[in-house]
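Could you put together the complete structure from these sequences and hints?
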Amino acid sequence: ETTVTQSPASLSMAVGEKVSISCKTSTDIDDDMNWYQQKSGEAPKLLISEGNTLRPGVPSRFSSSGYGTDFVFTINNVLLGDEGIYYCQQSDNVPDTFGAGTKLELK
Amino acid sequence: EVQLVESGGGLVQPGRSLKLSCAASGFTFSNYGMAWVCQAPTKGLEWVASISTGGGNTYYRDSVKGRFTISRDNAKNTLYLQMDSLRSEDTATYYCARQRGGSLDYWGQGVMVTVSS
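Those sequence lines, one after another, are chains A and B.
Going by the numbering used here, the first sequence opens with residue 1, and the numbers climb by one from there.
Going by the numbering used here, the second sequence opens with residue 1, and the numbers climb by one from there.
Derived by calculation from the structure, the hints in this document are not laboratory data.
Ideal Cβ positions, reconstructed from N, Cα and C, are used throughout, including at glycine.
A few of these clues could be false.
[Unchecked claim] Quick list of in silico lysine to any residue cross-link-like pairs, SDA-like style, CA-CA up to 25 angstroms:
#1 A:45 x B:77
#2 A:45 x B:27
#3 A:39 x B:117
#4 A:39 x B:59
#5 B:43 x A:11
#6 A:24 x B:101
#7 B:43 x A:38
#8 B:43 x A:12
#9 A:24 x B:112
#10 B:43 x B:109
#11 A:103 x B:112
#12 A:24 x B:77
#13 B:43 x A:105
#14 A:45 x B:41
#15 B:19 x B:117
#16 B:43 x A:72
#17 B:43 x A:56
#18 B:65 x A:100
#19 B:19 x A:95
#20 B:43 x A:92
#21 A:45 x B:52
#22 A:45 x B:17
#23 A:103 x B:109
#24 A:45 x B:117
[To be verified] Derived Cβ-Cβ restraints for the label pairs, each shown as a range:
#25 A:61 x B:13: 44 to 50 angstroms
#26 B:85 x A:10: 45 to 51 angstroms
#27 A:100 x B:101: 42 to 48 angstroms
#28 B:31 x A:41: 26 to 32 angstroms
#29 B:3 x A:41: 15 to 21 angstroms
#30 B:56 x A:59: 35 to 41 angstroms
See below:
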């Protein structure tokens with residue numbers, strides 16, 4: 001099973017700042033990493049899919065990079081509405097595994 | 001509009017069974033793999049099981065193998081999760097999700113399962 005280590009566990013940012021979240025995998029997963037946003041009381045929402053592909057309708061402020069074992073998710077110019085928990089998920093091998101999540105709070 | 005609506009959750013005693021359903025609409029259900037993902041209270045996401053388009057291939061996380069069965073009825077556009085020998089640690093919100101490649105691109109609103117005596 002591929003372990004996904006996500007950091008940091010939480011972030012407190014001001015509106016307009018840049019957010020960076022890291023996910024490291026215990027095995028090489030090529031670019032089979034996905035990123036989700038979960039707002040309070042809601043189901044997760046896919047933001048970025050395998051190959052660092054931004055989903056239709058997702059603002060270009062969101063992006064990701066990485067290949068192999070090291071991945072970074074970035075939000076440029078963070079807004080109040082971006083508050084929530086962000087998860088990475090590797091889909092290279094079964095079982096799919098998620099990172100522990102990063103809670104983003106806006107000051 | 002893609003919609004996934006889960007049902008069948010509730011309070012159940014340890015050792016008993018429960019069957020979750022996920023009704024799909026707004027897309028050709030038989031063209032997509034499907035998955036169940038759970039989230040224990042205040043915890044993160046855990047993939048539970050997935051199933052191929054025709055149902056011939058199924059995959060489970062180790063902790064549910066032999067206890068949970070994922071299945072689908074493409075004629076009814078419905079995904080199922082049969083949960084047997086339930087344990088307290090199975091208490092969670094269960095989401096069904098559509099697979100697009102390895103991504104989960106649409107999710108239901110979730111259904112709560114509580115295992116307690």
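Hint by hint, here is what the structure shows:
Our distance criterion of 25 angstroms between C-alpha atoms is met by residue 45 of chain A and residue 77 of chain B, whose separation comes to about 22 angstroms. Proximity of residue 45 of chain A to residue 27 of chain B is assessed by CA-CA distance (about 18 angstroms); at most 25 angstroms being required, the pair is judged to hold. Of the supplied pair hints, the one linking residue 39 of chain A and residue 117 of chain B is violated, its CA atoms being roughly 31 angstroms apart against a limit of 25 angstroms. Using a Cα cut-off of 25 angstroms, the hinted pair residue 39 of chain A and residue 59 of chain B is violated, with the two alpha carbons roughly 28 angstroms apart.
Proximity of residue 43 of chain B to residue 11 of chain A is assessed by CA-CA distance (about 17 angstroms); at most 25 angstroms being required, the pair is judged to hold. Taking the CA atoms of residue 24 of chain A and residue 101 of chain B, the gap is near 21 angstroms; set against the 25 angstroms cutoff, the hint holds. A distance of roughly 12 angstroms separates the Cα atoms of residue 43 of chain B and residue 38 of chain A; the hinted pair therefore holds under the 25 angstroms criterion. About 19 angstroms separates the Cα atoms of residue 43 of chain B and residue 12 of chain A, which keeps this hinted pair within 25 angstroms; it holds.
With a C-alpha separation of about 31 angstroms, the suggested pair residue 24 of chain A and residue 112 of chain B falls outside the 25 angstroms cut-off, and the hint is violated. As the CA atoms of residue 43 of chain B and residue 109 of chain B are separated by approximately 17 angstroms, the hinted pair is consistent with the 25 angstroms bound. Straight-line distance between C-alpha atoms of residue 103 of chain A and residue 112 of chain B comes to about 22 angstroms, which keeps the hinted pair within the 25 angstroms bound. Between residue 24 of chain A and residue 77 of chain B the CA atoms are separated by roughly 37 angstroms; this puts the pair beyond 25 angstroms, and the hint is violated.
Between residue 43 of chain B and residue 105 of chain A the CA atoms are separated by roughly 17 angstroms; this keeps the pair inside 25 angstroms, and the hint holds. Between residue 45 of chain A and residue 41 of chain B the alpha-carbon distance is near 18 angstroms, which keeps this suggested pair within the 25 angstroms criterion. For the hint pairing residue 19 of chain B with residue 117 of chain B, the CA-to-CA distance comes to about 18 angstroms; that is within 25 angstroms, so the pair holds. A distance of roughly 22 angstroms separates the Cα atoms of residue 43 of chain B and residue 72 of chain A; the hinted pair therefore holds under the 25 angstroms criterion.
At roughly 28 angstroms between alpha-carbon atoms, residue 43 of chain B and residue 56 of chain A are farther apart than 25 angstroms, so this suggested pair is violated. Between residue 65 of chain B and residue 100 of chain A, the direct Cα distance comes to roughly 22 angstroms. Compliance with the 25 angstroms bound is thereby established for this hinted pair. Among the hinted pairs, residue 19 of chain B with residue 95 of chain A is consistent with the structure: their alpha-carbon atoms are about 22 angstroms apart, no more than 25 angstroms. The straight-line distance between the Cα atoms of residue 43 of chain B and residue 92 of chain A is roughly 23 angstroms, inside the 25 angstroms bound, and the hint therefore holds.
Between residue 45 of chain A and residue 52 of chain B the alpha-carbon distance is near 22 angstroms, which keeps this suggested pair within the 25 angstroms criterion. Our distance criterion of 25 angstroms between C-alpha atoms is broken by residue 45 of chain A and residue 17 of chain B, whose separation comes to about 29 angstroms. With a C-alpha separation of about 20 angstroms, the suggested pairing of residue 103 of chain A with residue 109 of chain B holds against the 25 angstroms cut-off. With a C-alpha separation of about 34 angstroms, the suggested pairing of residue 45 of chain A with residue 117 of chain B is violated against the 25 angstroms cut-off.
Residue 61 of chain A and residue 13 of chain B have their C-beta atoms about 47 angstroms apart, which keeps the hinted 44 to 50 angstroms range intact. Between residue 85 of chain B and residue 10 of chain A the beta carbon distance is about 36 angstroms. The supplied range of 45 to 51 angstroms is therefore violated. The hinted range of 42 to 48 angstroms is not satisfied by residue 100 of chain A and residue 101 of chain B, whose Cβ atoms lie roughly 23 angstroms apart. Our hint of 26 to 32 angstroms for residue 31 of chain B and residue 41 of chain A holds, since their Cβ atoms are close to 31 angstroms apart.
At about 18 angstroms, the CB distance of residue 3 of chain B to residue 41 of chain A agrees with the hint of 15 to 21 angstroms. Remark: the range hint 35 to 41 angstroms for residue 56 of chain B to residue 59 of chain A is upheld by a beta-carbon distance near 39 angstroms.
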